Amino acid sequence: MDKTYASAADAVADIPAGSSLAVGGFGLSGVPITLIRAIQALGVDGLEVVSNNCGVDGWGLGELLSEGRIRRVIASYIGENKEFARQYLSGEIEVELTPQGTLAERLRAGGVGVPAFYTATGAGTMVSEGGMPIRYNSDGTVGLVSEPKEQRPFDVFGAAKEYVLETAISTDFGLVRAAVGDRHGNLQFEKSTRNFNPLAGMAGRITIAEVDRLVEPGELDPDEIHLPGIYVDRVIVLSAEQAGELPIEKTTVRPREAAGASTSSTDSRGHA
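Oh and the sequence shown: position 177 is 177 in the numbering used here, straight run, nothing missing.
Don't read these hints as lab results, they were simulated from the structure. Certain hints may be false.
As the list claims (entries may be wrong) - Listed below are the simulated DSS-like cross-link pairs for lysine-lysine, each with C-alpha atoms no more than 27 angstroms apart in a straight line:
#1 K250 to K191
#2 K149 to K161
#3 K191 to K3
#4 K82 to K250
Stated by the list, open to error - Distance windows between CB atoms, simulated:
#5 R254 to L214: 38 to 44 angstroms
#6 S239 to A159: 52 to 58 angstroms
#7 D57 to T167: 27 to 33 angstroms
#8 D10 to E257: 52 to 58 angstroms
#9 D57 to E257: 32 to 38 angstroms
#10 G43 to E129: 39 to 45 angstroms
The structure presented is a predicted model; accordingly, all values stated were derived computationally and were not measured. Every residue, glycine too, gets a C-beta built ideally from N, C-alpha and C.
Put together the whole structure using the sequences plus the hints.
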């Protein structure tokens, strides 16, 4: 039952080229950067990534993206990453844009064995009707578009409306970042780093977690476990230096009206 590995390199060593990865994180918050860099060092390419976004230029999944390691992305957001947008519009990468809540539920459904579900989100739009660009040609024309999805009416709370059928997502591997984990793989996330991490962990057939701190089984109160160890296969413990790499995505500074005025920012652990 001891799921700990000696290093990130050991934990990702069997990830082959062409694998699909569900990756936790939201912006720069809760990104499993050590595992991402271990995959980068492994040298595999042709990856399909499922994540809220694809990192930013030069950090997170953006590090794999900049080296041309990613073939396809299922995500909700292209912003904050110029290289992601460039590769998409130039036809170097396929992108399946998915509403954020739908993406979250598709990952959760994959983790619990629900093959598909209906949602009102996207019904009557290009999400359901098809035609959304997935891949562009190098000349800027559209090379591949999304297919139409099944729609049907449901009467919910006394009002009939159209719902669209969305399929579950499961991936070869899941990569997550947690604040605390035990040797059985039970995980606890800190504040906003919880984001997509539990869902990515559920969706991976083999899930690998990097944790800031390792405790022994039984030390975590069951009510404080955000992702049970049944979903987690491998755990690596970060060094103090690795755990402390918490870049700030955006820094907001208000005008200094008086001496000693404060600044406001948010780091990747979700702290203000």
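Status of the hints after comparison with the structure:
1. Distance check on the hinted pair: K250 and K191 sit about 18 angstroms apart at the alpha-carbon level, within 27 angstroms; holds.
2. For the given pair, K149 sits about 16 angstroms from K161 by alpha-carbon distance, which is consistent with the 27 angstroms threshold.
3. With a CA separation close to 25 angstroms, the supplied pair K191 and K3 stays within the 27 angstroms bound.
4. Between K82 and K250 the CA atoms are separated by roughly 16 angstroms; this keeps the pair inside 27 angstroms, and the hint holds.
5. Taking 38 to 44 angstroms as the suggested C-beta distance range, the pair R254 and L214 conforms, at roughly 39 angstroms.
6. For the pair S239 and A159, the beta carbons lie near 54 angstroms from each other, so the given range of 52 to 58 angstroms is met.
7. Between D57 and T167, the C-beta spacing of about 31 angstroms keeps the proposed range 27 to 33 angstroms intact.
8. Hint check: D10 to E257, Cβ distance near 53 angstroms, so the stated range 52 to 58 angstroms holds.
9. The beta-carbon spacing between D57 and E257, approximately 34 angstroms, falls within the hinted interval of 32 to 38 angstroms.
10. Separation of G43 from E129 is about 40 angstroms and conforms to the stated range, judged on CB atoms against 39 to 45 angstroms.
Every hint from the earlier list agrees with this structure, and none is contradicted.
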